[in-house]
Amino acid sequence: MNAPTRNPEIQTRELSYAEAIREAMGMALARDERVILMGEDIGVYGGAFQVTGDLVERFGPDRVRDTPISELGGAGVAVGAALTGLRPIFEFQFSDFATLAMEQIVNQAAKMRYMLGGEASVPLVFRMPAGSGTGAAAQHSQSFEAWFGHVPGLKVLQPSTPEDAKGLLLAALEDPDPVVVFEHKLLYKLKGHVPDGWYTTPIGKAAVRREGRDLTIVASAIMVHRALAAAEKLAEEGIDVEVIDLRSVRPIDHETIIASVRKTGRLICVYEGVRTLGIGAEISAMIAESEAFDYLDAPILRLGGVEAPIPYNPELEKAAVPQAPDIEAAARKLARKEV
Amino acid sequence: MNAPTRNPEIQTRELSYAEAIREAMGMALARDERVILMGEDIGVYGGAFQVTGDLVERFGPDRVRDTPISELGGAGVAVGAALTGLRPIFEFQFSDFATLAMEQIVNQAAKMRYMLGGEASVPLVFRMPAGSGTGAAAQHSQSFEAWFGHVPGLKVLQPSTPEDAKGLLLAALEDPDPVVVFEHKLLYKLKGHVPDGWYTTPIGKAAVRREGRDLTIVASAIMVHRALAAAEKLAEEGIDVEVIDLRSVRPIDHETIIASVRKTGRLICVYEGVRTLGIGAEISAMIAESEAFDYLDAPILRLGGVEAPIPYNPELEKAAVPQAPDIEAAARKLARKEV
Amino acid sequence: MAKDDNTPFAIRRYDAETLREALRKMYLIRFFEEGAEDSYTRGLIHGTMHLSIGQEASAVASCLPLTDDDKITSTHRGHGHCIGKGAEVGRMFAEFFGKEEGYCHGRGGSMHIADVTKGNLGANGIVGGGIPIAVGAALTAKQLGTGAVTICFFGDGANNEGAFHEALNIAAVWKLPVVFVCENNKYGMSTSTERSTAVKDIAQRAAAYSMPGVTVDGNDFSAVAEAVQEAVDRARRGEGPSLVENLTYRWRGHSKSDRNRYRTKDEIDSWIARDPILRFREELAAHGVLDASGADAIEAAARREVEDGIAFAKGGTDPTIADVTKYVYAEARS
Amino acid sequence: MAKDDNTPFAIRRYDAETLREALRKMYLIRFFEEGAEDSYTRGLIHGTMHLSIGQEASAVASCLPLTDDDKITSTHRGHGHCIGKGAEVGRMFAEFFGKEEGYCHGRGGSMHIADVTKGNLGANGIVGGGIPIAVGAALTAKQLGTGAVTICFFGDGANNEGAFHEALNIAAVWKLPVVFVCENNKYGMSTSTERSTAVKDIAQRAAAYSMPGVTVDGNDFSAVAEAVQEAVDRARRGEGPSLVENLTYRWRGHSKSDRNRYRTKDEIDSWIARDPILRFREELAAHGVLDASGADAIEAAARREVEDGIAFAKGGTDPTIADVTKYVYAEARS
Ligand SMILES: Cc1ncc(C[n+]2csc(CCOP(=O)(O)OP(=O)(O)O)c2C)c(N)n1
Ligand SMILES: Cc1ncc(C[n+]2csc(CCOP(=O)(O)OP(=O)(O)O)c2C)c(N)n1
Ligand SMILES: [Mg+2]
Ligand SMILES: [Mg+2]
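Chains as they are written, first to last, in full-length UniProt numbering: chain A, 1 to 339; chain B, 1 to 339; chain C, 1 to 334; chain D, 1 to 334.
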């Protein structure tokens with residue numbers, strides 16, 4: 001991945017995505033006594049994906065709170081805590097289990113400020129390990145970013161790099177409104193440069209990860225990496241792909257995507273969630289009603305998850321979501337106007 | 001609304017949308033002992049919207065079961081019952097409360113057949129009163145069809161007429177898989193011709209409610225009626241609008257919509273759910289990647305709910321979702337190429 | 001009269017001023033709701049509403065031990081709690097009339113009425129929705145050491161929601177300063193507790209969370225005050241949550257669309273005969289706290305306050321349509 | 001030996017053939033899981049798995065009163081229940097290996113293993129997810145008068161889910177033929193019942209639903225059999241649900257990624273010393289049902305069955321990639 005432009009004065013180190021998130025949480029806990037972590041097995045176990053790690057040792061079990069297995073109650077407790085002065089970071093062990101807490105997230109957290117006419121604030125971060133590829137089958141592999149992206153009152157993020165994982169989490173924590181952060185499980189071990197200290201990555205801004213003239217790919221989470229891999233291959237064939245990392249599903253950065261499509265005239269949306277009504281639908285529709293419409297030289301393509309639950313068998317599981325060769329093939333076709 | 005072509009031999013009567021649904025449920029209960037109704041206050045109360053009405057008197061409290069206020073448990077009981085031989089129709093009192101039961105609907109009902117490799121079946125109908133316009137504010141007015149439409153394993157319907165309300169419910173009941181039926185609350189009192197006897201309206205087929213040459217409007221639920229009202233006005237100005245009633249969100253009837261857009265070259269999607277990531281996004285994206293793309297003479301427009309929870313104040317509430325004049329104005333613009 | 005052991009708790013415990021104020025609030029609730037009902041019938045209020053007429057003792061006596069720093073979470077049947085916690089009826093009416101002067105600037109209406117400045121975190125349109133939120137407020141108090149207590153109101157129907165179970169368990173395991181007040185009015189909408197709830201007294205469920213549980217006559221002001229005061233004291237001492245069940249009754253239908261087919265006129269009448277306001281008034285008189293003319297004056301003042309509140313609300317400002325997306329986020333975004 | 005009152009329940013109640021079959025199933029579970037673990041370590045199985053080694057008595061004794069028409073719902077830790085309810089280890093291994101011959105044709109894996117033909121409605125990846133489903137199966141039985149009983153397995157951790165509360169309440173109010181079997185192995189993942197659950201014995205929560213609740217030594221085959229048999233009989237008589245809590249222990253970590261930092265080696269060893277299989281073997285010997293060589297033969301046969309099962313699975317067929325959307329709906333649609 002192309003390194004983003006970096007201020008040479010800022011120190012960075014190689015951290016994994018999980019370590020970057022842990023660093024952000026540790027800094028937040030140290031800086032602000034109102035910050036607490038809540039979730040199942042985030043204490044001595046260190047979290048199902050070892051993201052909270054040793055934080056309970058540093059901050060104690062009152063600040064790093066193991067909840068009972070009670071997603072609805074736990075999320076609701078976090079809502080009430082946020083409403084009255086704490087700044088909880090609530091970890092769902094898998095984003096799939098948020099299906100149990102939609103009531104509190106969608107009816108309460110997202111709407112509280114509005115229903116109370118601006119008299120209340122719910123500064124709350126939901127962390128959600130998402131996505132397939134771990135062999136955990138249909139109930140542990142879902143990608144729900146489109147659901148939450150459909151809910152006014154929420155902000156919805158999908159960091160794809162360690163740097164953004166930290167910067168977006170800190171931005172979410174500073175945000176006065178509820179933020180849902182999807183962390184792709186296959187990215188937890190990805191290493192990358194992470195700046196020292198407290199910094200925030202702006203919410204609602206996409207990142208151009210690779211510039212190109214021929215075709216735009218908008219991808220999110222792990223698909224950013226697959227798109228970049230595909231772009232490298234295509235470059236060898238003379239096809240110059242621009243890769244945009246969506247980063248934020250709500251709000252979506254219209255400007256960056258429209259500008260890119262005006263330049264390239266071609267767009268593919270790549271995402272892991274189920275294709276129908278997934279985030280690619282929104283991006284496609286947004287372009288089709290924007291001023292970029294007139295610059296389109298080809299249909300807008302979407303590569304998303306197949307119309308099925310995630311299967312257990314590893315080969316089927318791979319086939320259920322876009323892989324780099326799928327992206328490559330689709331982009332080649334579109335660039336060569338074979339669509 | 002244009003009456004669909006009708007076989008003159010089939011008797012019809014004027015029934016309201018609610019009565020048509022009740023008639024379907026009554027016929028099903030009478031015909032098949034495996035059919036049961038479950039829900040809160042569907043017995044002696046007759047349902048919050050008086051849809052079940054007197055069915056408990058006809059079929060008794062074992063067939064028309066009042067559940068405790070336990071949406072997750074109730075829905076899960078319905079899943080288990082469907083899995084083992086009953087054919088439950090489960091009423092959520094408001095679709096908003098399905099947020100409490102997403103786990104059972106999405107992780108269990110929708111995926112059971114797949115996870116078990118085809119060895120199980122969950123023939124189950126969820127009825128969901130949806131939409132705004134009743135002054136019940138943010139937690140009683142939502143439109144979640146896009147969420148469920150994103151879930152493989154489910155079928156998702158939005159009848160807009162009494163005839164379809166009955167025919168689609170009977171089709172859902174005959175379907176071997178879980179079906180979610182959204183009933184718009186403002187339609188319950190709408191009267192229309194309803195055929196006698198047992199008939200099914202095919203799942204997955206849109207209906208052309210008005211033919212036109214200049215522009216296609218795809219609308220669902222109550223928006224069909226608002227779109228037809230707008231079309232009548234526009235006809236006076238010589239703008240000839242085709243109005244398609246989506247009817248089924250999952251699966252979406254690509255053929256009918258594509259054929260219409262190939263003819264008219266212009267498309268507006270009108271829906272009540274929140275605009276971003278709502279069903280219009282999918283329809284727009286589907287067209288933008290289809291062969292109809294080449295026939296498009298203008299950007300694809302979407303009119304959906306505003307990016308806010310539904311407010312209580314009645315004027316704000318109206319402003320929160322598309323009204324007939326909004327549709328008229330948007331269509332006029334698009335037809336006159338002012339977009 | 002001597003404040004001996006036969007003297008009801010409230011008379012023993014609270015001064016005359018506090019007791020008069022409690023009576024005033026009970027009248028305010030009654031007249032507020034009658035006024036709201038009337039305005040609804042006249043088409044001045046849209047939507048629906050859930051009246052708590054007949055349940056006033058529960059709301060007011062439960063809030064008695066609380067200060068403005070303490071919190072409550074309320075329910076769809078929340079007008080009484082709101083007034084009990086100190087809200088002004090004028091701003092409440094303004095909310096019902098959809099005005100900017102309303103507590104929620106006309107965005108929330110009856111089902112979301114709140115007064116955060118007084119510690120009322122809001123009514124809730126979701127049955128059981130407020131229960132975990134109350135526990136969260138108690139977590140804040142414990143974590144930041146504020147000493148505040150939260151009272152969580154909910155109905156008998158709500159006790160069958162999973163949220164009830166999860167939240168009570170968490171509150172107990174974490175020993176949080178919260179009091180769960182179940183207003184058992186015998187029905188969740190049309191469904192009686194016998195047909196919906198597998199225990200006789202909901203307070204029995206407290207044992208499943210190792211917390212004290214007590215059932216009291218919810219129309220007896222003093223009985224409610226005693227049970228809740230004890231639970232609040234316990235919470236403030238850091239000894240964790242309690243469950244108090246107030247047996248009471250709503251005189252009106254569930255909401256504006258109820259045909260009352262699930263209960264008899266006799267049953268309703270028998271509860272109207274147990275009017276908690278009259279009872280409290282008589283108790284105050286019997287113990288020399290307030291004579292008839294004093295009570296009449298309070299009653300009349302409450303009536304006027306409600307009339308003034310309606311007038312205030314009618315004169316309120318309608319929100320601007322362009323503001324439909326205001327308040328979605330802290331700062332408006334396009 | 002005379003089958004007097006000191007004779008354990010299982011010996012008194014079941015014939016030798018049934019008891020030998022029970023021992024065989026317990027060995028089958030043990031060896032199946034050891035085989036699965038080994039295959040996982042060798043990279044033949046992907047994903048994760050939750051082993052129930054140490055809990056075999058609970059699974060097998062609980063299923064003893066059931067016929068193939070009776071149903072069970074199971075959990076993420078469901079291999080034992082699956083074998084207890086009569087599944088073949090070959091098809092189970094085939095599932096774990098992702099093969100078409102697997103019970104779920106390779107689509108489900110360990111967390112969704114099911115054998116609907118034998119009444120096992122499936123393991124479940126969602127903690128507590130199977131509890132309402134079990135109640136639904138019991139509703140079918142009652143509604144259609146089939147006479148079938150459903151056993152609902154769940155863990156101590158699951159008892160804090162709202163689904164537990166809602167489902168037990170519904171089962172009790174509707175008097176459904178279902179037996180809730182809580183396998184309390186002291187931890188939900190890393191969180192002990194003390195830190196997560198506000199009652200000492202989970203069976204105490206039965207009182208909140210007015211159903212019988214009993215806590216037994218879950219490593220004592222006969223104690224489990226007695227409690228569950230009684231509950232099943234009660235359900236079959238139409239007297240409604242019961243809760244049985246089996247105190248037991250998982251020897252292995254929670255799943256394949258557990259570092260066991262929340263419990264001590266001593267604790268684990270003390271439970272290994274209470275091996276339910278050895279204990280049952282000794283009981284059978286003591287009461288003259290099965291001598292050592294008979295038990296050895298059963299053990300050896302179980303070992304062979306597991307080896308054959310693995311061989312069968314290895315020879316299975318991989319699903320066709322194009323079939324990734326098969327089984328989503330009853331008939332494939334494009
Ligand atoms: C989750 C949810 N389910 C159902 C409803 C519809 N509903 C509103 S109030 C009510 C009855 C609540 O009963 P109870 O808790 O006893 O309170 P009461 O109305 O008697 O004060 C119901 C079913 C709702 N608002 N939310
Ligand atoms: C709803 C839900 N929450 C969390 C998890 C993650 N998880 C899987 S098993 C488990 C522990 C379950 O504990 P218990 O019910 O005691 O069963 P045991 O594993 O001890 O057999 C957890 C937290 C899950 N699968 N589903
Ligand atoms: Mg009630
Ligand atoms: Mg356990």
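The reader is advised that the hints may include incorrect statements.
[Stated by the list, open to error] Just the calculated beta-carbon pair ranges, DEER-fashion:
| # | chain 1 | residue 1 | chain 2 | residue 2 | range |
| --- | --- | --- | --- | --- | --- |
| 1 | A | 61 | C | 285 | 49 to 59 Å |
| 2 | D | 261 | C | 259 | 55 to 65 Å |
| 3 | C | 16 | A | 33 | 35 to 45 Å |
| 4 | C | 117 | B | 186 | 49 to 59 Å |
| 5 | D | 322 | B | 174 | 21 to 31 Å |
Think of the hints as simulated: they come from the structure by calculation, not from any bench.
Predicted model only: the values in this text are computed from it and were never measured.
Glycine is no exception: its CB is placed at the ideal position from the N, C-alpha and C atoms.
In rising order, the numbers of the hints this structure does not comply with: 4
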